[in-house]
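In case you want the letters, here they are:
2 protein chains.
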Amino acid sequence: MSLDELYAKLLVKTPAKMALVVMDGLGDIATKANNYLTPLEAANTPNLDKLTQDAAQGRMIPVAPGITPGSGPGHLALFGYDPIEFQVGRGVIEALGLGLELKAGDVAARANFCTMNDKGIVTDRRAGRIETEVCEELCALLSKKIKKIGDTQVIIKAGKGHRFVVIFRGKGLEGPLTDADPNREGAKIPTVQPVDPSSAGQKKAAKLIGEFYKEALPLISKRKPANGFLLRGIAHQPQIPTFEERYQLKPACLAVYPMYKGLAQLVGMTKVEGPQTIAEQFERYLAEYNNYDFFFIHYKYTDMYGEDGNFEAKKKAIEEFDAALPILLKKRPDVLAITGDHSTPCAVKGHSWHPQPVLLTSEISGSDKLDRFTETGANLGSLGIFEAKYLMRLMQANARMFDKFGA
Amino acid sequence: MSLDELYAKLLVKTPAKMALVVMDGLGDIATKANNYLTPLEAANTPNLDKLTQDAAQGRMIPVAPGITPGSGPGHLALFGYDPIEFQVGRGVIEALGLGLELKAGDVAARANFCTMNDKGIVTDRRAGRIETEVCEELCALLSKKIKKIGDTQVIIKAGKGHRFVVIFRGKGLEGPLTDADPNREGAKIPTVQPVDPSSAGQKKAAKLIGEFYKEALPLISKRKPANGFLLRGIAHQPQIPTFEERYQLKPACLAVYPMYKGLAQLVGMTKVEGPQTIAEQFERYLAEYNNYDFFFIHYKYTDMYGEDGNFEAKKKAIEEFDAALPILLKKRPDVLAITGDHSTPCAVKGHSWHPQPVLLTSEISGSDKLDRFTETGANLGSLGIFEAKYLMRLMQANARMFDKFGA
Chain A
-14 MSLDELYAKL LVKTPAKMAL VVMDGLGDIA TKANNYLTPL EAANTPNLDK
36 LTQDAAQGRM IPVAPGITPG SGPGHLALFG YDPIEFQVGR GVIEALGLGL
86 ELKAGDVAAR ANFCTMNDKG IVTDRRAGRI ETEVCEELCA LLSKKIKKIG
136 DTQVIIKAGK GHRFVVIFRG KGLEGPLTDA DPNREGAKIP TVQPVDPSSA
186 GQKKAAKLIG EFYKEALPLI SKRKPANGFL LRGIAHQPQI PTFEERYQLK
236 PACLAVYPMY KGLAQLVGMT KVEGPQTIAE QFERYLAEYN NYDFFFIHYK
286 YTDMYGEDGN FEAKKKAIEE FDAALPILLK KRPDVLAITG DHSTPCAVKG
336 HSWHPQPVLL TSEISGSDKL DRFTETGANL GSLGIFEAKY LMRLMQANAR
386 MFDKFGA
Chain B
-14 MSLDELYAKL LVKTPAKMAL VVMDGLGDIA TKANNYLTPL EAANTPNLDK
36 LTQDAAQGRM IPVAPGITPG SGPGHLALFG YDPIEFQVGR GVIEALGLGL
86 ELKAGDVAAR ANFCTMNDKG IVTDRRAGRI ETEVCEELCA LLSKKIKKIG
136 DTQVIIKAGK GHRFVVIFRG KGLEGPLTDA DPNREGAKIP TVQPVDPSSA
186 GQKKAAKLIG EFYKEALPLI SKRKPANGFL LRGIAHQPQI PTFEERYQLK
236 PACLAVYPMY KGLAQLVGMT KVEGPQTIAE QFERYLAEYN NYDFFFIHYK
286 YTDMYGEDGN FEAKKKAIEE FDAALPILLK KRPDVLAITG DHSTPCAVKG
336 HSWHPQPVLL TSEISGSDKL DRFTETGANL GSLGIFEAKY LMRLMQANAR
386 MFDKFGA
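Residue numbers (the numbering used here), protein chains in the order written: chain A, -14 to 392; chain B, -14 to 392.
Chain A on its own, in the form it takes in the complex (with noise of 0.2 angstroms):
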């Protein structure tokens, strides 16, 4: 019996309302260029200090020792499925990071338009990185003359600069694909191949690619620098249970940006859509408290500032937070987790391994007895040091969703 089976054989309904709230990247180092404080420890948050104290803390290894995980594996982990057994293609996480509303069975591909020469030689893999218009234009170009490949539709959205993905939208097509990228400068495009010869749906999605460079292709041979493009990360939607047969819990995602939102749609959320501010997510919370069990609230700016290495801004996005804070607990779920999807610490200017802190408080949580919700801080808790996965479990466990294992 796996674990996962047995979490579902003890699961049981319960009314209680539960809010995962993501301070995406909270978590950072302290070093001496600031104080060997981090962001948190620096930053005034007298709402949250005042919550550590009915909380347990700990803190949570995104994936496994050292590894740095994107948006999605550091999201679906936090969401309660295994980031290595739940895998999610590069081109589905780009297409939803640009709003696109996948399908169970779609195949995405990230995209970019290349110079070629006239022998199908690559020449720049971002032909010299063009102006997010003429993209937005070469794209237009393309969807207007390629709507459908036989029963498939193909639907393609600008990203930024050079960027773009194609969704292929038709039955029976399955991921991943080889890469038709080269990878360096100097080579032609390769053709995509099936990474399973054996799959059926690989075989016809990488024909059905094939057909559609031969259509695309000549459609913007003559234009410069962009008359070439290249496919990478081809990757089929993948079957995940959704959150609902999970969890018996209605979910509801209160995000702003795309990306979040995809993810949250990926296992099945409800996306309630309008709210632009943190103070704003949390209002709307009030607002759809009794329409669902779940509520992910996502907050972008810590990880934003974290990746520019602004140390000042991300605290000060840290005390926005906090200040917003009370509007949620105005009606205070049953089971609140606080916490980020993986650390940005500034000293690294990007996404890192380093355990995120996670603050978790419920009627039966028990008090860690921590002046403050730190990192220094979550060392000393009582949930140690675990896997991010298991987050959803402890918040089920604290909403007593769980019969007893065994007399």
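Treat the hints as calculated values from the structure; they're not laboratory data.
Among the clues, some could well be false.
Because identical chains share one entry, a pair is satisfied inside a single copy or across any pair of copies.
Cut-off 27 angstroms, straight-line C-alpha distance, at most; resulting in silico cross-link-like pairs (DSSO-like, lysine-lysine) [said to hold, decoys possible]:
id, residue 1, residue 2
1, Lys2, Lys173
2, Lys334, Lys389
3, Lys354, Lys301
4, Lys334, Lys17
5, Lys316, Lys301
6, Lys354, Lys35
Fit chain B to the given chain A structure using the hints.
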């Protein structure tokens, strides 16, 4: 190579004496109602405190994050068996709890007397909660009339109120079987079926139980209100490698309550009978010191008062335990672990998933330099937060029972 195989390969016999002292349901949580102290923190425990000076501490996840164990999985983990791999059916646990000696291959069922109408419809699944004396009389009647079915021995033992246990001891029997219980009133008693229809042993057991019903029901059909019975959790005693073959340790069980003696017996421990108090148990440990290598000493009252939600009584039970501890220490075992099989927080009034604290002391345990043995202190210990099934391995390591792995 599995981890168990590696442990087995590295095993060496040493003359070390080891004691695993289980304060049942020891772990608790700090809540406002008790000034944010756990019973262990509030208790006056000079002898435990003194032990900490030369001890390592940590906390143990009984089964997996968020999983609340019954006594069976809780103790199997403490005995070093993966509680998900080695699952013990409820019928077996119930039989053990009534002090029945099970043999390998025995099929056991929890049973309830019930009331049926003249159409065989169950109208009360608990037969109006008959008195224990009535239950005992009915069980005596059934026992007298049905000693064997074919070549299979039938053993019937009354429990409390309407509850009893039936054991089938014969050749080639296997569980699990489906329940002979509609699990609601207003329906007939379903015929038991093999859970795995391809299992000959399950088929044989199911047929046998069908015959048992045919013989037993007429014997009580005129009784009121208990004119029928239900069987649930029908399972056979699993094949578990004995403690002695697994660890090369001769183990003794010093427990007062039948359930814990039964669990110890399940892994082949010798039950040392007689002592009724923890002081007597420790005295008996001294007397038996030379006769065994490993002592499992079980103390029930921390769990009992936790189940009642009685903080003061749980605290007092800890203090009584502490007061008796010097008896054990007259012949200090080479390796001593003191812990719970799970938490039973007063605020939960039942078992829970919260990791229980553990104290481990030996000449080479090292000291965590903690002043006391408490949940909050144990969070800071060198053992960290780990799965309870590894405690035995740590005890063996402290007894120098493992060769170096690799050169």
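Original post:
Checking Lys354 and Lys35: alpha-carbon separation at most 27 angstroms within a copy, between copies, both or neither?
Top reply: both (11 angstroms within a copy, 24 angstroms between copies)
Original post:
How would you classify Lys2 and Lys173 at a CA-CA limit of 27 angstroms: within, between, both, or neither?
Top reply: neither (55 angstroms within a copy, 38 angstroms between copies)
Original post:
Is the C-alpha distance from Lys334 to Lys389 at most 27 angstroms within one copy, between copies, in both cases, or in neither?
Top reply: So Lys334 and Lys389 pass the 27 angstroms test across copies only (13 angstroms; inside, 44 angstroms).
Original post:
When no copy is named, should Lys334 and Lys17 be tagged within, between, both, or neither for a Cα gap of at most 27 angstroms?
Top reply: So Lys334 and Lys17 pass the 27 angstroms test inside one copy only (16 angstroms; across, 41 angstroms).
Original post:
How would you classify Lys316 and Lys301 at a CA-CA limit of 27 angstroms: within, between, both, or neither?
Top reply: Answer is within; shortest intra-copy Cα gap is 25 angstroms, inter-copy 38 angstroms.
Original post:
Which holds for Lys354 with Lys301 at a C-alpha limit of 27 angstroms: within a copy, between copies, both or neither?
Top reply: both (26 angstroms within a copy, 23 angstroms between copies)
Consistency with the previously given hints fails for number 1 only.
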